[in-house]
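There are 2 protein chains.
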Amino acid sequence: MKQKERPLILVTNDDGIFAPGIRTLAEEMKAFGRVLVVSPDKPQSAMGHAITIHNFIRLREVEFMEDVKAYSCSGTPVDCVKLAVYHLIKGKPDLLVSGINHGSNLSINILYSGTMSAAVEGALENIPSIGFSLMEYGIEASFEHTRPVVRSVTRNVLAHGLAQGTCLNVNIPQAAAGPLKGIRVCRQSLGSWEDAVETRLDPTGHEYHWLKGEFIAKEAGQDTDVWATGNGYASVVPVTYDMTAHRELEAISNWDHAL
Amino acid sequence: MKQKERPLILVTNDDGIFAPGIRTLAEEMKAFGRVLVVSPDKPQSAMGHAITIHNFIRLREVEFMEDVKAYSCSGTPVDCVKLAVYHLIKGKPDLLVSGINHGSNLSINILYSGTMSAAVEGALENIPSIGFSLMEYGIEASFEHTRPVVRSVTRNVLAHGLAQGTCLNVNIPQAAAGPLKGIRVCRQSLGSWEDAVETRLDPTGHEYHWLKGEFIAKEAGQDTDVWATGNGYASVVPVTYDMTAHRELEAISNWDHAL
Numbered sequence: 000m001k002q003k004e005r006p007l008i009l010v011t012n013d014d015g016i017f018a019p020g021i022r023t024l025a026e027e028m029k030a031f032g033r034v035l036v037v038s039p040d041k042p043q044s045a046m047g048h049a050i051t052i053h054n055f056i057r058l059r060e061v062e063f064m065e066d067v068k069a070y071s072c073s074g075t076p077v078d079c080v081k082l083a084v085y086h087l088i089k090g091k092p093d094l095l096v097s098g099i100n101h102g103s104n105l106s107i108n109i110l111y112s113g114t115m116s117a118a119v120e121g122a123l124e125n126i127p128s129i130g131f132s133l134m135e136y137g138i139e140a141s142f143e144h145t146r147p148v149v150r151s152v153t154r155n156v157l158a159h160g161l162a163q164g165t166c167l168n169v170n171i172p173q174a175a176a177g178p179l180k181g182i183r184v185c186r187q188s189l190g191s192w193e194d195a196v197e198t199r200l201d202p203t204g205h206e207y208h209w210l211k212g213e214f215i216a217k218e219a220g221q222d223t224d225v226w227a228t229g230n231g232y233a234s235v236v237p238v239t240y241d242m243t244a245h246r247e248l249e250a251i252s253n254w255d256h257a258l
Numbered sequence: 000m001k002q003k004e005r006p007l008i009l010v011t012n013d014d015g016i017f018a019p020g021i022r023t024l025a026e027e028m029k030a031f032g033r034v035l036v037v038s039p040d041k042p043q044s045a046m047g048h049a050i051t052i053h054n055f056i057r058l059r060e061v062e063f064m065e066d067v068k069a070y071s072c073s074g075t076p077v078d079c080v081k082l083a084v085y086h087l088i089k090g091k092p093d094l095l096v097s098g099i100n101h102g103s104n105l106s107i108n109i110l111y112s113g114t115m116s117a118a119v120e121g122a123l124e125n126i127p128s129i130g131f132s133l134m135e136y137g138i139e140a141s142f143e144h145t146r147p148v149v150r151s152v153t154r155n156v157l158a159h160g161l162a163q164g165t166c167l168n169v170n171i172p173q174a175a176a177g178p179l180k181g182i183r184v185c186r187q188s189l190g191s192w193e194d195a196v197e198t199r200l201d202p203t204g205h206e207y208h209w210l211k212g213e214f215i216a217k218e219a220g221q222d223t224d225v226w227a228t229g230n231g232y233a234s235v236v237p238v239t240y241d242m243t244a245h246r247e248l249e250a251i252s253n254w255d256h257a258l
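For the record, the sequence lines run as chains Y and B.
The opening residue of the first sequence carries number 0 in numbering that gives the first Met the number 0; numbering runs sequentially from there.
The opening residue of the second sequence carries number 0 in numbering that gives the first Met the number 0; numbering runs sequentially from there.
It is worth saying that the hints were derived from the structure and are not from the lab.
One thing to keep in mind: the hints can contain errors.
The list makes no distinction among identical chains, and a pair is therefore deemed to hold if it is satisfied within one copy or across any two copies.
[To be verified] List of simulated lysine-lysine pairs, DSS-like, C-alpha gap at most 30 Å:
{"hint": "1", "residue 1": "K41", "residue 2": "K217"}
{"hint": "2", "residue 1": "K3", "residue 2": "K91"}
{"hint": "3", "residue 1": "K89", "residue 2": "K180"}
{"hint": "4", "residue 1": "K217", "residue 2": "K180"}
{"hint": "5", "residue 1": "K211", "residue 2": "K41"}
{"hint": "6", "residue 1": "K211", "residue 2": "K89"}
{"hint": "7", "residue 1": "K68", "residue 2": "K211"}
{"hint": "8", "residue 1": "K211", "residue 2": "K180"}
{"hint": "9", "residue 1": "K29", "residue 2": "K217"}
{"hint": "10", "residue 1": "K68", "residue 2": "K180"}
{"hint": "11", "residue 1": "K29", "residue 2": "K68"}
{"hint": "12", "residue 1": "K41", "residue 2": "K68"}
{"hint": "13", "residue 1": "K211", "residue 2": "K3"}
These numbers were taken from a predicted model, which means no experiment stands behind them.
From just these sequences and the hints, can you work out the full model?
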């Protein structure tokens with residue numbers, strides 16, 4: 000009997016192919032299967048689900064890690080997934096992992112996150128997909144304590160699969176927060192960004208604007224990702240690309256829709 | 000008694016401030032209230048929920064339409080909303096409308112759509128928000144038949160409001176499809192983009208890639224937006240920014256999450 004081929008695992012991120020987080024993730028994936036890295040050639044944080052349609056995209060094969068084929072991509076994280084599936088693999092990988100992001104993707108930040116948008120694109124392609132984020136910015140963040148979480152979630156997804164249209168959003172507290180108590184499966188907390196613009200004057204006296212602001216969690220019930228990560232757990236939120244507000248369908252159907 | 004001030008309506012889009020669709024939308028909004036236009040200075044289709052964080056953003060006041068204050072913005076559609084709320088208005092408008100998009104935003108295209116991401120950003124800010132799309136590409140598309148739909152949905156949202164975290168995705172068939180039968184409230188259909196990359200060689204023999212592909216509706220039950228618009232109706236999908244796959248929470252909680 001022919002032995003089953005090891006799973007093919009697509010690794011991507013939004014911080015770019017030179018970020019430490021994607022190296023940790025690729026290292027861990029080598030224990031589970033064959034690894035293909037396709038990742039942006041520059042940071043693409045906060046690109047959301049953007050794709051490149053007004054310009055072409057370049058792929059370049061790069062040295063990355065022993066036994067790992069890797070390409071840098073001039074496009075967005077979602078572009079990376081499309082090029083991997085439709086050009087490099089010409090088929091579906093068995094698993095897609097994105098990250099490990101340098102910074103939190105809790106709550107509604109999934110909407111802005113290139114890391115999570117790559118995972119959602121994987122779900123759209125019916126590929127079991129996971130986004131991993133470390134809740135610490137900065138190039139010098141330590142990823143060592145994230146490894147057991149990456150292994151546990153990956154092992155589960157390969158064993159159980161994911162329902163159609165679902166991917167996972169995994170957030171891991173920073174090492175300085177102390178030893179992890181475990182993993183909690185959560186819903187997305189409610190939150191928003193506030194005080195989001197800083198205006199400056201250029202040397203000719205004209206205004207320009209920077210987005211900034213602060214994420215405010217609007218609630219943190221014990222079933223949310225904000226609560227879990229604030230209390231020593233890594234959070235796992237199952238994410239769907241069905242954005243229908245099903246609970247509102249009936250009330251809105253009852254409006255007078257005459258033209 | 001002081002008369003209540005007319006509602007302040009923020010108008011944006013992703014096709015840029017010079018697109019015909021946003022003119023139609025702004026014209027219609029003048030009947031409902033005071034209109035502020037903040038729209039990208041160039042086409043920003045398929046930018047999803049991207050925001051600009053590695054560069055600054057410029058706003059420029061422009062001539063647009065009588066009695067309408069208008070700004071072009073160097074950023075994405077979501078940037079436009081943030082700058083309107085946190086810099087220009089320094090508060091919340093009573094309504095946000097986005098579009099009218101040149102092209103369909105049915106089904107999962109909401110994820111890629113700058114038009115709908117602006118509406119979702121409005122929902123994140125607790126502003127009643129509506130995205131409108133005409134299912135016809137091209138600068139010469141006629142928007143006349145969309146006006147009764149825009150009026151009906153806007154009247155309803157101003158009268159009834161929208162539940163927290165909800166905005167509306169409205170798609171209108173092209174005029175050539177015949178007279179509209181009415182408006183149907185729907186869920187988002189399942190679908191995907193296929194055959195998504197075309198590879199070419201540049202004059203020096205190096206590959207470059209264009210995203211392309213075709214949207215395939217994977218189902219079109221009578222309760223979906225794909226069915227409604229394919230059968231002569233304008234579709235209205237209530238959209239939430241809660242992407243939690245609530246139905247999967249229990250099954251995934253039961254996995255062995257040991258570290």
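Checked hints:
no. : hint         : in the structure
1   : K41 to K217  : neither (33 Å within a copy, 34 Å between copies)
2   : K3 to K91    : within (16 Å within a copy, 58 Å between copies)
3   : K89 to K180  : neither (41 Å within a copy, 42 Å between copies)
4   : K217 to K180 : within (24 Å within a copy, 41 Å between copies)
5   : K211 to K41  : both (21 Å within a copy, 23 Å between copies)
6   : K211 to K89  : between (40 Å within a copy, 15 Å between copies)
7   : K68 to K211  : between (37 Å within a copy, 25 Å between copies)
8   : K211 to K180 : neither (32 Å within a copy, 46 Å between copies)
9   : K29 to K217  : neither (39 Å within a copy, 34 Å between copies)
10  : K68 to K180  : neither (35 Å within a copy, 54 Å between copies)
11  : K29 to K68   : within (11 Å within a copy, 56 Å between copies)
12  : K41 to K68   : within (18 Å within a copy, 37 Å between copies)
13  : K211 to K3   : neither (49 Å within a copy, 34 Å between copies)
The structure does not agree with the numbered hints 1, 3, 8, 9, 10 and 13 stated previously, though it agrees with the rest.
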